[in-house]
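Novice: Sequence:
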Amino acid sequence: MKRSSSHRALLYGRSAAMGCIALLLLVAGVVSSWDSAQHIVLAKGREHGTMTVTGCGADVCTGPFAPADGATARSRVTTEKSVAVRKGGRFPVVVKPGTDVVVRTGLPGFLHAWTPLGGALLLAALIIGGGLRLTRIAWSTGIAGAALLVATFIAL
1 MKRSSSHRAL
11 LYGRSAAMGC
21 IALLLLVAGV
31 VSSWDSAQHI
41 VLAKGREHGT
51 MTVTGCGADV
61 CTGPFAPADG
71 ATARSRVTTE
81 KSVAVRKGGR
91 FPVVVKPGTD
101 VVVRTGLPGF
111 LHAWTPLGGA
121 LLLAALIIGG
131 GLRLTRIAWS
141 TGIAGAALLV
151 ATFIAL
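Residues 1 to 156 (the numbering used here) are what the sequence shown spells out, left to right.
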């Protein structure tokens, strides 16, 4: 059966829309992850040390910062609350420049920072497989996202 040009245009339009949605998801995942990951990936010249959690609120946990290098000790810094942060816990951190906000470093911190990208990869895999009908690429994308999320869960 021969398809009309309007039917082909509709198929191309659907593919373009699905491709834009998948790309938007991936870009949003990278941008969201980069907000924290930049301080871990580009940590040279930043203040490194250890944070001891003394208390947690609804969104953030606080505690003192003990510097590892020539940085300044701080009596109170904050970090994003996650399931891996408990009162009394100590972990390596890097201070965001110009603030008293710290980001966890090391492999657990690195993986935790990229968690939004893992979720975006999983969501994009559904769009790529279902909307674009590119099953191999969808499986690869989904497996990469799931591997990142599982690695983060194990590391934390």
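Treat the hints with care, as some may be off.
[Claimed, not checked] Label-pair distances were calculated between CB atoms; the ranges are:
| hint | residue 1 | residue 2 | range |
| --- | --- | --- | --- |
| 1 | S6 | G130 | 21 to 27 Å |
| 2 | T54 | G130 | 44 to 50 Å |
| 3 | A28 | R3 | 32 to 38 Å |
| 4 | V41 | R86 | 22 to 28 Å |
| 5 | P92 | D35 | 17 to 23 Å |
| 6 | I137 | G70 | 43 to 49 Å |
| 7 | A144 | S15 | 20 to 26 Å |
| 8 | A28 | G89 | 28 to 34 Å |
| 9 | V30 | L10 | 51 to 57 Å |
[Unchecked claim] Capping the alpha-carbon separation at 35 Å, the derived lysine-lysine pairs in DSBU-like fashion look like this:
| hint | residue 1 | residue 2 |
| --- | --- | --- |
| 10 | K96 | K81 |
| 11 | K44 | K2 |
| 12 | K2 | K81 |
In short, the hints are calculated from the structure, not lab data. A virtual CB, placed ideally from N, CA and C, is assigned to each residue, including glycine.
Novice: Look at each hint and say if it fits the structure.
Specialist: Okay, the hints, checked on the actual structure:
{"no.": "1", "hint": "S6 x G130: 21 to 27 Å", "result": "holds (23 Å)"}
{"no.": "2", "hint": "T54 x G130: 44 to 50 Å", "result": "holds (47 Å)"}
{"no.": "3", "hint": "A28 x R3: 32 to 38 Å", "result": "holds (34 Å)"}
{"no.": "4", "hint": "V41 x R86: 22 to 28 Å", "result": "holds (26 Å)"}
{"no.": "5", "hint": "P92 x D35: 17 to 23 Å", "result": "holds (19 Å)"}
{"no.": "6", "hint": "I137 x G70: 43 to 49 Å", "result": "holds (48 Å)"}
{"no.": "7", "hint": "A144 x S15: 20 to 26 Å", "result": "holds (22 Å)"}
{"no.": "8", "hint": "A28 x G89: 28 to 34 Å", "result": "holds (30 Å)"}
{"no.": "9", "hint": "V30 x L10: 51 to 57 Å", "result": "violated (31 Å)"}
{"no.": "10", "hint": "K96 x K81", "result": "holds (16 Å)"}
{"no.": "11", "hint": "K44 x K2", "result": "violated (61 Å)"}
{"no.": "12", "hint": "K2 x K81", "result": "violated (58 Å)"}
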